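Number of protein chains: 2
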Amino acid sequence: MSFFAVIMAGGVGKRFWPQSRRSTPKQLLSIAGEESMLRVTVDRLKLFAPADHILIITNSDQEKGILSEIPELPSENIIIEPEGKNTAPAIGLAAIIIQHRDPEAVMGVFPADHFIQDLSSFAESIEQSIKVAADRQGLVTFGVTPSRPATGYGYIQYHDRPDAEEPVFAVKAFAEKPDLDTAKLFLKSGDFLWNSGMFVWEVDVILEAFKEFLPAIWDSLENIKRAIGLPVWNSVLTVEWATLRSISIDYGIMEKAKNVFVLKVEFDWNDVGSWDAVYEMSKKDPKGNVSRGDVIYHNCTNNLVLGDGRTIALMGVNNLVVVDTEDAILIMPREQTEMVKELVDYLKKQKRDSIT
Amino acid sequence: MSFFAVIMAGGVGKRFWPQSRRSTPKQLLSIAGEESMLRVTVDRLKLFAPADHILIITNSDQEKGILSEIPELPSENIIIEPEGKNTAPAIGLAAIIIQHRDPEAVMGVFPADHFIQDLSSFAESIEQSIKVAADRQGLVTFGVTPSRPATGYGYIQYHDRPDAEEPVFAVKAFAEKPDLDTAKLFLKSGDFLWNSGMFVWEVDVILEAFKEFLPAIWDSLENIKRAIGLPVWNSVLTVEWATLRSISIDYGIMEKAKNVFVLKVEFDWNDVGSWDAVYEMSKKDPKGNVSRGDVIYHNCTNNLVLGDGRTIALMGVNNLVVVDTEDAILIMPREQTEMVKELVDYLKKQKRDSIT
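Sequences listed follow chains A and P, in order.
So for the first sequence, the working numbering puts the first residue at 1; every next one is plus one.
So for the second sequence, the working numbering puts the first residue at 1; every next one is plus one.
Hints are computed from structural coordinates only; laboratory data are not their basis.
As the structure is a computational prediction, the values presented were derived from the model and not from experiment.
Careful: at least some of the hints might be erroneous.
[Said to hold, decoys possible] The list that follows gives simulated cross-link-like pairs (lysine-lysine, DSSO-like), each with its CA atoms no further than 27 angstroms apart: (1) P:LYS351 with A:LYS284; (2) P:LYS131 with P:LYS211; (3) A:LYS351 with P:LYS287.
[To be verified] Okay, the calculated beta carbon distance ranges per label pair: (4) A:ASP118 with P:ASP327: 51 to 61 angstroms; (5) A:ASP118 with P:LYS284: 27 to 37 angstroms; (6) P:GLY293 with A:ARG245: 43 to 53 angstroms; (7) A:LYS351 with P:ASP327: 49 to 59 angstroms; (8) A:LYS211 with P:GLY293: 34 to 44 angstroms.
We put the CB at the ideal spot given by N, CA and C, even for glycine.
Produce the entire structure from the sequences given, and follow the hints as far as they go.
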């Protein structure tokens, strides 16, 4: 058995505009520290897998940026989706490539843009999940104990066993991102976990699940698998990919399969889903401001201000997000930063290509 | 009798940071329209005086910018103060230079950075003031009927005569910038006008007032006058100037002289004293926003946003001032923009020379 880590790096992270752009997505930004989120994710996974066992699945817009950010990966480990089809096809594609290299491999799936600090607890969870995947032929998903009624995450309801010796549970239901009242109910009921989007399973077990629950995708994956290493690879992949439906792994498989387990993890976890999340996880000055660059405050509290060379002077403003870049600057209340995506969609509709 | 217009252009206008800088003061900015405030002021005065009868008094930091902005003035009409000594010495200096050219001249004093739109009413006031200055040997100051309890202006209390045939009144008292409660009282009492800082008088009448109320300055002015046109001009001016006390014309002369009249003017007047004043006098979009440059709003009302090339995107913010420049950006509530001066003083104290 060998372990392969697959990093899902196809998203743009529109909510991090104006720093995030088509070719500079969230995972290539240094949002949560000095290094890019992708760099940190790769380094975290190197604790379990050598570089040639780490795969990154992304799109052609980001290929160049990823190659220069993570030069140590073999180029064949950077998998380029012809177009985004949500998580299920991407995971299936990674699975057949790994299966081709080692039919007995266990694969883990990890988003490129999440924040985890407690590495020893993370390591423990990976080991537990590999054991469950192998011993029970299980599809293991990682669940995080919610600390607040977050509306930005999906939830997993599990069959609690108070006397459980290990934190592995059968899944009762998957729930989409809830509204605030529902999220409060989830938190109160005590048997809901945040769906972290991290998974561990044996490649043949997940491909078996594709065959059962997403047979059309499985057929395409079989065709693609036969082209691995051949000159026709690109054309086969492109042709097959165009036929695939866009569907998430949660909706397509996890909610339907019987052999799903949730591993209740103990490590800190943050999907860094908005500028406000960056504020929350950053070190604040005595007035609650988080700043990068040349920022001057006068009677200001609880702001997130990220400069980019220019001086940013603020007087008498509170709870604001200010993000400056060479060609665009964003100014908005912290609590509304989930909505940046709408702004970027608007800019795209206006064909403002140079700043999106 | 000839008419000379003197434009007071020595101020920096710190309250218009980050656009205003040492060498690019408020009057050289296009704050209230397409053209600089100085350009508009000169053009307004050209209705009464040919270019060689318009003088600009300023300092060496601004000389270059003024020469390039107003190329039509003879260079000897740009008077450089060795250092700022408030309004009285500057006006005295202009008076002796004009007296040297025409001992019977009437001079008008006009700030370089005020906003006046109604030119025919302005013209009428100038004519009235010249008549009062000549007929009554008066020191005429222009008073504006207050429309609100402004705390940013000085006030002039006058002896009202309800049956007055012309809007010329004796002055009861000058009042410094009041606090809000006092300003409300002024407004209620009905016999207070805003002190516009515009004056008209004969040169020999104002110099007589210097001799009586500011004799030390008058002595220096006499010495300086003897050096006009001579090679020693610069050294005499510099030496004499260093000895002068810094004092305003209001405090030094107007509050003490007996032959002071206030002309109650009818034209619109705004000293454009803050970014908020710019907002108030500008055309608003249907949501009350005033914008220049590439500005994108989403759920925003009543903001003033002045761009400088880059895109400025705002979401969910109201009543904010955002002023962008190449090297610095200001973000603050509109109602607090009087305080920008404090910020600039702070920057100067921090020796942030490149951005002040």
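How the hints compare with the structure:
1. P:LYS351 with A:LYS284: 26 angstroms, holds
2. P:LYS131 with P:LYS211: 23 angstroms, holds
3. A:LYS351 with P:LYS287: The hint holds at about 24 angstroms.
4. A:ASP118 with P:ASP327: 51 to 61 angstroms: Check failed, 41 angstroms falls outside 51 to 61 angstroms.
5. A:ASP118 with P:LYS284: 27 to 37 angstroms: With a Cβ separation near 52 angstroms, A:ASP118 and P:LYS284 fall outside 27 to 37 angstroms, so the hint is violated.
6. P:GLY293 with A:ARG245: 43 to 53 angstroms: At 44 angstroms between Cβs, range holds.
7. A:LYS351 with P:ASP327: 49 to 59 angstroms: 30 angstroms, violated
8. A:LYS211 with P:GLY293: 34 to 44 angstroms: 57 angstroms, violated
In this structure, the hints that do not hold are numbers 4, 5, 7, 8, in rising order.
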